[in-house]
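Participant: Assemble the whole structure, with the sequences as input and the hints as a guide.
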Amino acid sequence: MTDTLKDAATSERDRRRCAGTWLRELREHRGLSQRELAQLVGYKYYTFVSQVEHGAVKLPSEDMEKWALALKQNKREFTMRYISFCDPVLVGLIGVMTKKGLRVDEA
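Its first residue numbered -13, the sequence shown is counted upward by one per residue in my numbering.
Check the hints yourself; a few may be wrong.
Said to hold, decoys possible - Calculated lysine-lysine pairs in the DSSO-like style (CA-CA distance at most 30 angstroms, straight line):
(1) LYS44 / LYS58
(2) LYS44 / LYS61
(3) LYS30 / LYS58
(4) LYS30 / LYS44
(5) LYS30 / LYS61
(6) LYS52 / LYS30
Quick caveat, the hints were computed from the structure, so don't treat them as lab data. Please read these numbers as outputs of a predicted model, since none were measured by experiment.
Facilitator: Laid out in structure tokens, this is it:
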């Protein structure tokens, strides 16, 4: 692997870890264990919550709404915050579209 690819992989992993730390703090603030959160979002195994919180895997986009509801967060704000950790370029593009008066579903 080239140094550039290694740097990109490390950077992505670091961003996932930051997102995971944020998710863990939200979960702990709600007084939930990983097992309880897993049950609320419909996971069979709580270890997936652990993997997300440690940055080993990304939170699947199809699960973001369930996590937001379980953690008592506004769905849009939760999703944008999570994406801002994992894909800041995408968040920047969405911001540009919003400033131009385009809604995301119109683009």
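Participant: Look at each hint and say if it fits the structure.
Facilitator: Status of each hint after checking the structure:
Pair hint LYS44 plus LYS58 holds up; C-alpha atoms about 20 angstroms apart against a cutoff of 30 angstroms. Using a Cα cut-off of 30 angstroms, the hinted pair LYS44 and LYS61 holds, with the two alpha carbons roughly 17 angstroms apart. For the suggested pair LYS30 and LYS58, the alpha carbons sit about 21 angstroms apart, so the restraint of at most 30 angstroms is met. Proposed proximity of LYS30 and LYS44 is supported: the alpha carbons are some 17 angstroms apart, at most 30 angstroms.
Between the alpha carbons of LYS30 and LYS61 the distance comes to roughly 23 angstroms, so the proposed pair stays at or under 30 angstroms and holds. Between the alpha carbons of LYS52 and LYS30 the distance comes to roughly 14 angstroms, so the proposed pair stays at or under 30 angstroms and holds.
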